[in-house]
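Just so you know, numbering that gives the first Met the number 0 puts the end of the sequence shown at 150, numbered straight through with nothing missing.
No lab work stands behind these hints: they were computed from the structure. Note that the coordinates shown come from a computational prediction; the quantities given were computed from them, not determined experimentally. Each hint can be trusted.
Taking CB as the label site, the calculated pair distances span:
no.: 1; residue 1: L61; residue 2: P18; range: 34 to 40 Å
no.: 2; residue 1: A17; residue 2: A104; range: 20 to 26 Å
no.: 3; residue 1: P70; residue 2: A109; range: 15 to 21 Å
Note that beta-carbon positions come from the ideal geometry of N, C-alpha and C, so glycine has one too.
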Amino acid sequence: MAGPRTRRLDASMTMDPAPRPPIMVLLGGPSAEHDVSIVSGTAIAAALIADGYPTRQVLIDLDGRWWWLPPDHERGTRPGSSYDDPLSLHADGPFQVGEAIDRLAASRPAPIVFIALHGPFGEDGTVQALLEAADLAYTGSGVLGSAIGMD
0 MAGPRTRRLD ASMTMDPAPR PPIMVLLGGP SAEHDVSIVS GTAIAAALIA DGYPTRQVLI
60 DLDGRWWWLP PDHERGTRPG SSYDDPLSLH ADGPFQVGEA IDRLAASRPA PIVFIALHGP
120 FGEDGTVQAL LEAADLAYTG SGVLGSAIGM D
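Let's have the full structure, built from the sequences with the hints guiding it.
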């Protein structure tokens, strides 16, 4: 029998925690809120990394091209780098939207997509519909809720 100074261990204290799912943070986007989304997305990525989630950032430029930022860029903007020139970041890309969604869907394990996009494309149901068509989990409202919210 356990006395007052005896502490019982529960399963969470004796087992390793389950591995955290990979997260892809979408940031940027082809809207007037591109720069705000970059600030949001880099802060989100930094917080996820600090909590132990394997995290990558995917930059969508103003022309709608998708760029996978390198793993060493996960903690946010490096001094002297610019999101205006993804090649200066040594990003992998560019990918057009269909190719980018296929690439996300082929990732194993499949990532959870954190949508840090603002304005049209990110909040109007467009990117949500693309992710649903690829059977990818994502954050935020669904297609209909997003579309109604932007109307």
